[in-house]
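Novice: Residue strings, one per chain:
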Amino acid sequence: MNAVLILIALVTVGTAIAAMAGRNLLHSVLLLALAWTGVAAFYLWAGAEFAAFAQVLVYVGAISMVVLFAVLLTRRSRDEAAPGPAGQSRALSAVMAAAAVAGVLVGAILRSPLAASPGPAPAVTVRQLGAELMGPYAAALLAVGVLLTVALIGAVVLAAGDRTGQPEDNP
Amino acid sequence: MSPLQFCLIFSGVLFSVGLAGALARSNAILVLLGIELMLNAANLNFIAFWRYGPASAPATGVIFVIFSIAVTAAETAVGLALVIAIHRHQRSIRLQEATRLKG
Amino acid sequence: MSAAATTSESFLERAPLLLRDAVTGFLPEPARWLANSLLSIVAVLAVFGLLFAFLTLAERKILGRVQNRPGPNRTGWFGLLQPFADGIKMLTKEDIVPRAADQLLHFLAPVTLLALSILTFAVIPYGRHLVPVELDSAVLYFFAAGAATELAIFMAGWASHNKYALLAAMRALAQLISYELPLLLSFVPVVLATGTLSTTGIVAAQGGWKWHLIPHWIVFTPWGAAGFAIFMVSALAESNRSPFDLPEAESELIAGHLTEYSGFKYALFFMAEYFGMCALSGMAVTLFLGGWQAPLPVLEFIPSYVWFAGKLLTLLLGFIWIRATLPRLRIDQLTRLAWKFLVPLALVNLGTAAFWSLTSAWSGPLQLLRWAVALVLVAGPFLLLGRGLTAGLGPRTYRYA
Amino acid sequence: MLGSGLLQGLAVTAKNFVGSFHDPKRFVTTQYPEEKTRLPEAYRNFPFLVSENAEDPMGTLRCVACQICEKECPPQCIYIEKSKDKKPDASGKQQIYPAVFDIDTAVCMSCQICVEVCPFDAIKMDQVFELAATDRFTGLMLDRHALAKPNSYFHQLHPTEAAEVDDRLATERKAAEEKARAAAAAKAAAAAKPPAVPPPPPAVVPLPPPVPPAA
Amino acid sequence: MIDAAHLWLIPALPLLAAGIGALTPRSGRRLASGAAIAAMAGAFLLSCLALQRALADPAAHLYANFTWFELGDGAVRLGWLLDPLNAFMCVMVTFVSLLIFIFSLGYMKEDANFKQFFCFLSLFAAAMLGVIVANSLLLLFISWELVGVASYLLIGFWFHKPAAAAAAKKAFLTTRIGDLGFLLGLVWLYDATGSLLLFDGGHGVLESGVLGDLATQVLASGLAVPTAISLLIFCGAAGKSGQFPLHVWLPDAMEGPTPVSALIHAATMVAAGVFLVARVFPLFAADQVLAAGPLHALTVVAAIGAITALLGAVIAVAQDDLKRVLAFSTVSQLGYMMLALGVGSWVGAIFHLLTHAFFKALLFLGAGSVIHAAHHEQDIRRLGGLSRSMRTTFVTFAVGMMALAGVPFVFSGFWSKEAILHAASEWDVSHLPFYATLIGVVLTAFYMTRLLCEVFRGAPRSPAAAHAHESPRVMTIPLAVLAIGAVALGFLGTPVWPWLQSRLTGTPIPARPLLEGGGLMGLSIVLVALGLGAGWALYGRRVRLTATAPDPLAAAAPRTWAFLGDRMKFDSLYAATLVRLNAFVAALADFLDRRVWGSAVGFLARFAEFTGVVNSEFDDGALNGGFNAASEDIRRTGRAYSRAQTGETHGYLRTLAIAFVALALLVLLGGVR
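Line by line, the protein sequences are chains A, B, C, D and E. Using numbering that gives the first Met the number 0, you'd call the opening residue of the first sequence number 0 and step up by one each time. Using numbering that gives the first Met the number 0, you'd call the opening residue of the second sequence number 0 and step up by one each time. Using numbering that gives the first Met the number 0, you'd call the opening residue of the third sequence number 0 and step up by one each time. Using numbering that gives the first Met the number 0, you'd call the opening residue of the fourth sequence number 0 and step up by one each time. Using numbering that gives the first Met the number 0, you'd call the opening residue of the fifth sequence number 0 and step up by one each time.
Hints may contain errors.
Stated by the list, open to error - Some chain D residues close to chain C (C-beta under 7 Å, calculated; not the full set):
#, residue
1, L9
2, P23
3, R25
4, T29
Since the hints were derived computationally from the structure, they do not count as laboratory data. Glycine included, every Cβ here is placed at the ideal spot set by N, Cα and C.
Take the sequences, apply the hints, and build the full model.
Specialist: What follows is the structure, encoded as structure tokens:
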């Protein structure tokens, strides 16, 4: 066991809890970006360099941006006042459900004979990854590409809504 | 406790935190973020097993994580677009109020 | 700064390593690694700190000359001490935090921004033996760190609790997300051609000369030139430089996300912007201009880091030159340029690069054909897309004037 | 073609950059504290008092302390105390003179009304702008010693206007002399007295040829 | 010589043309139409070569399979199949399509979206040919869905007309219901056999080994697995072929341009269902070995076919729209084919399919010619007298009509229908379908006579009809060619010389003397004559009178007709005849009439018109009413379920979490593995 790993885990879980419990939506998003970075740090620690950078690039660079954008666009919501009793009871039940899930998971993990295989992390170069992606996983890669395209178009259509405003001002 | 178990517990706790967030918060964006957190926890498992698990193809875990990240990106994009659409229709993104498919 | 220098190289080439060893050589092995790393950090910060200082001066001088005035010339000889005077001024100014601001984020924003932009310096190979950190996926690291800077700008805009700042933050987000895409797409062909994501590997792949005359730099291929152009345009936008400096469009948004910043925090923003510019230019040099490689074999006696510095400075001067020339774009023109022009162009360029690498075995007259096809593939989409971009744009006619 | 405009623009700026080094005509800046550009003739900011003679400014002020300007001044930045005695003016005539003539430039709004109402051409607009002072109460309050500037200085600032003024004054003076001479002649003829002493020569340099007054 | 491995060229050519059509600008009319016609001609030639190859060895199934992609350990394989059935279908589809394409040159000349039309037509033809040449049910299904898409585009081609857009939607959705069954059937079939290839060297689903295994599997309910799969697949076929109760989309689909109606709703697409059942006929017949089974798939097919045949014919009697009459007649004829399949004579079904394709395409194109000439006037009451102004159209239309009616000996329809009657009469399960076909024969002859008389005889009854003139050569030549086909095709499969039958089955079929089944054939001839005579008697004379009748009749609903007392006497005359003719249907209609309209309409004397009208009301009211009742039940059930469905995401998520915990605890503590 590694002090670094424990530190990463603590920071990640801590920021995640703070993000989920925070009152300020924007702080939550930023804290969550930090949690995502923590996950990336874990990847880095485990030796999955490429995955770590991809995680930062996608989550911190793109997803948090989009989320922030959504936060700004929906800023003028008439809500998020003080949580009423319904909200509190829901929060309580949520925490209980999550605790139950956590308990089950931890129990299952601790009961399972999971001996870590000793030895160093499997070394994987970017070149290897590329070969794998273009070889055995080519179909999946294509599918993901199609999925992303479709999602992009769908998101644009959804977010654009029915545009009845004035036509775009041409330069 | 072996390192693998520690990693898995880490991931399990992270998952539960995400779940708690998704269940407790009423803001649709935060619910979405909770779900993101849960997905991240799942990705963590991929890497943990890749690192410590029985030896398999050398790059499998990483590749799964990459695919998972890509799919998550798509999911977030669509999810947030939905949130914006709901906001446009209802002037609110409280999830309790979005109980109808029609806007 | 890891690779051991062979003694066959010139003294100047080895000078940084010798210097390092002179400083840290007496330490035991583990501590030495740490000391070496710290030394790299110190060196990078010192060099780029000074570069930043004199770059601001150079920018002001050049802008002045372009506008037929001398620029700062009072402080020190030719105004050389001006940056330090500015620094002292910034440090001594009052640090104002608006009462309604998000205090924590207001403080964190410039710090984060600067930290992230400094992070990007870690993987650029400044010379033959001068790479602070060698990573297998260094290019990815670079852009991951660069992508996070957007977050800091947003933090600044939000934390200020000022409508101009917030508008600027949203603009910045839209702009940075838009230009992230062509930026990433434009270097993918390079990765395709060199087969590596490591910066040292990319530079090494560009070594050598054809006929002892033309270097194997990527910019000297049709797709490389196009990719370089796309990269530079996107880099301008990513570093919020004119003509893409909408987030701080002073004519509309006062100073954008910097409106509520003063004193030292403002200086940090300023510094981060220049650091970002330097880092992106350094990456452009690495990816397209052959890194620290000398342009001609006979010029190899000049040490590699000098070449790198020369190329870097050239690009930076180009940045300044462009700032002196072009007016600011409007936000819709900005996004249109990204999505309707640069992104498709970058995608087509990827195809061109694929064609190029598939036909690398062609020789003789086929070589001519290869060039012709590649040039058409580069120029054709450029002209076609450009026509779409400029459609309906002409000299404005006034009806009532 | 797309981009040709950008290249043209870059060429223009490059030309300017290079040109600013070797073509002094392009280079429009003056190094201010050392060099000063000549201000345009029409420029004016604060009033000053015209004296005929640079050697004895207090003795040759045109101002006769009539206090019209003080009364007309909209922000009331002029303060005048009439002298109790009379002193000969530039033409030797006995006149009342301003014992105190203060203008508070912190208050003055540069409206030039004082100049327009002055029947004696005694107050004119100055071009000084380096008025920075460390004390705003005394530093910006100009007394008559600070305000008095010789007519030659006025000529430097506004040559056209100064020439007109001198012309006019000379004509008036000549008319007055002739009138005086005629009166003297009449008196002489009547009283057969010796004629009066001739008037002293004007203190100013010979006048430039009269310029037709601007419409 | 063309082989199975080259068969992909046949659908590829029209697909290429569609691609060219899609990429040409709107002004590229010549390019798009030229490419489409050239591609179709090429496909036709290839089909002829394929037919030649197939006939060289009629009993063989030539196929070429290939791997599409690998998924884990398994691979998804597709393939092409060449046998006489495919080859005949290919030739028919390409030939009819070619003629329809040429006809469209004239018909769609003035349309702004001319090139799109040809693009869609080519796409449709490509998909249809894909259905035919596929050796994999998966590939067949893909093409099948493409056919659906193309037909959606074509029916809704004049999408600016709300009716057309609605019809396209209706067609798409209705067939989709059937396709769902089809898909389920495929999934089940794949689960049961591990393959979707039709022929695969002993592993294909149509080969005896696999079918034998399949037939031994019986569900708990006593239903055999092949029966269930077949019925699910039949859902798809019924949807595409407009079988009861999914026939509702077909008449509405007439909102599309007439060449589309001819191509899709007469010759090809609706035949796809029949083709599908014929293609997988061994699968449908697999449960026949299980004598004890509660239900045989083919019995259902026969029953549905019989109902459809009768229903279509009855409704067609009362229609006033030129194309709608033909549409219901198509429904009826498809019912015949299904019936033939159900009674085991898939050869007869295919024979009728081929002849029907020719004469129904002929009829539709003839109708198109009329409509084109009469400025898009489709109401037969407002037409009339066109036999003089449109000579060629009249003659060819008459040929088609007689072929459809089954006029003996000369026309193809007679021979193919006779084959079906023969098969139905010999079916040992029940004789009801046979009777249904007999009634259908009379009705078919009757309404076709009515149609012909109304449209072509007498004097023009509207300015549009009066100014009609013969269509251009580009439209009449396809008519003539099809007319020749409508006559000649019948002789390929007469009982005396059953060439087609023996080629299709691959085994020589002994010729029967013409008079062997003399009784049946005589009955058929008598019935046709009866129908023709009745039609002539009613409409041959009506012509003159309707010429003087005021045209508002056309727009009037049946209820208003009741108040037109001056026409009572004439109408009651033929109404009485018609009632006697359709005694059974009339009784049913009378009952429905009382229920629906009440006594005010009950005293109407014009029962014949009325019968037809109520029949169509029956279609709308009774059937749809039944559906409504069923859907009300479903809705009630759904409402009960929907109590749990609050729409609150949190609730769902929480339930999910709790369920997960419960399941995990079950696994952990209970030791369930």
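Novice: May I ask which of the numbered hints given earlier this structure violates, with the numbers listed in increasing order?
Specialist: 2, 4
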